[in-house]
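**Student:** Read top to bottom, the protein sequences are chains L and E. Taking the working numbering, I'd label the letters of the first sequence as residues 1 to 298. Taking the working numbering, I'd label the letters of the second sequence as residues 1 to 298.
If a hint is listed, it holds; no wrong ones were tucked in.
Identical copies carry no separate label here, and so any pair may be met within one copy or between two of them.
As a list, the in silico SDA-like pairs of lysine to any residue whose alpha-carbon atoms are at most 25 Å apart:
#	residue 1	residue 2
1	K32	D161
2	K168	G121
3	K32	R42
4	K32	T99
5	K168	R288
6	K32	P186
Keep in mind that the hints were calculated from the coordinates and are not lab data. Small disclaimer: the values here were computed from a predicted structure and weren't measured.
Number of protein chains: 2
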Amino acid sequence: MTVPEDPSEPPVAQHPQPGLDIVRTVSDLRRKIARFRREGHRIGLVPTMGALHTGHIALVRHALVVADRVCVSVFVNPTQFGPHEDFAVYPRDEAGDATKLAAGGAHLLFAPAPEDMYPPGDTCRVTVPGLGDILEGAFRPGFFTGVATVVAKLLIQALPDVAVFGEKDYQQLLVVRRMVRDLHIPVRIEAAPTVREADGLALSSRNAYLSAEERAIAPDLHWTLTAVADRVSHGHGPADAEQWGGDTLVKAGFTTVDYVAVRDGESLEPWAGPPRPGRVLAAARLGRTRLIDNVPVP
Amino acid sequence: MTVPEDPSEPPVAQHPQPGLDIVRTVSDLRRKIARFRREGHRIGLVPTMGALHTGHIALVRHALVVADRVCVSVFVNPTQFGPHEDFAVYPRDEAGDATKLAAGGAHLLFAPAPEDMYPPGDTCRVTVPGLGDILEGAFRPGFFTGVATVVAKLLIQALPDVAVFGEKDYQQLLVVRRMVRDLHIPVRIEAAPTVREADGLALSSRNAYLSAEERAIAPDLHWTLTAVADRVSHGHGPADAEQWGGDTLVKAGFTTVDYVAVRDGESLEPWAGPPRPGRVLAAARLGRTRLIDNVPVP
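If we strip away everything but chain L, and leave its shape as in the complex, we get (with noise of 0.2 Å):
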């Protein structure tokens, strides 16, 4: 396995490289799982849906720093697709993200069978109501019915010390903290930051649907996310903020906007102010791709 000679990457972890071992069924999971444990090894999740960018990367490298041994699910998870959503078309680089993953420091790779992770006659669901019906939830109904299931399954599967996920995706965050505070799930759940391209686009793997000229437009979603930040942080009210943000960004030029709010950081409910964290999200579209976005109030 080579490094990839992508320059955005950053410095390769200083950790021992044994090998990405790769399974693909939920007791094989288990068995390696268990493995680790005998060894007196601590165990980290990543769980992600392929298409592995740099972003995800910086997961895999916090990860490192908190457990000794790192698996990273991959897994395109249909129940969290809306009907005309991009289940379909999401993409999908298995090859890609095991040298990746290698590079990375990673020493497991789970890729399960969609019918492993949802047996025939599967219904159950793992609901997050109010915090997950909210921003994301009310303009994706049942996406986070369907990350929280997901992620409740590979919790449970892989059962580690820790898993980390991207403050990228906030209120995702913020939901499967919630999910496993309340099902009592025995892990800790550690943010990441958000890596960045240099112009400040958040790095995901839908960027990729962007044209050149979408490309061009994308990074004054996080620069009018800062600009709202800025705004309420020196003493401006939520609502003409959030309004200013929204008008912004159709003068770039994105398509639509979903929603820019001022929330409190923890609850995702309107901002009380000082000294609760605040924290402003959108989504917006630029011709067929969504995009999302968040920062914290300064």
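Once you've looked at the hints, dock chain E against the given chain L.
**Tutor:** What follows is chain E alone, placed relative to chain L:
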């Protein structure tokens, strides 16, 4: 602890009685179970809502056959009661339960506080659409979501090798099995046969609600279901047998009949006849008391 002198109590299990430990928090439960594990024991869990009777003790004895250390949870689960159901008056008797569990050979009583099972802000729910929406689920909306949620929590808290459920709550048994399979919880679910009074009435904590007159009628639920099962096993059509069963219960003095249903014993879909296993299930009211029961088609 002394053995209760109720003559209907089966003989005491021939199991060493190291005394019953009582724990009230998830962290104490996990500490105790981790110690059992270090000692090399197989762990059995028997989830209950307390008000324990001989039927529950039979579950404990079943667990003692398949596990070395048996934990019984006693928790009147608020989320499985409807707004007009009997949560507030459901019988509670922790001291009596502890005495019976010690005599029955259980090792650990887990009696959590509601705020430990459902932390403030808890909204996460486990649903089993389809199987959880029919029969009991149709007459008690949300019931199986409450059951699946609390059982998922208990199983994830204790991570036992085996958990024992009574066939008395037959649909609950199937919902739990489906939930455990779909979420990949690493536990074996064991079914224990229904324990009955000498006159056929299935033991239930809710039998305590019955007046003397209602108590005299109650066994007809079992005998009617047995007759329905006998009819379909002799070639009567399920729909006719169900109708006959409902009429018979009303004639016997039942106030209302929610359902008498001949179903597939694994899916609870309409029974296709032999060689598929058949099950006859019913729910009916005597005054304000709702009774359920079920029998196999012979």
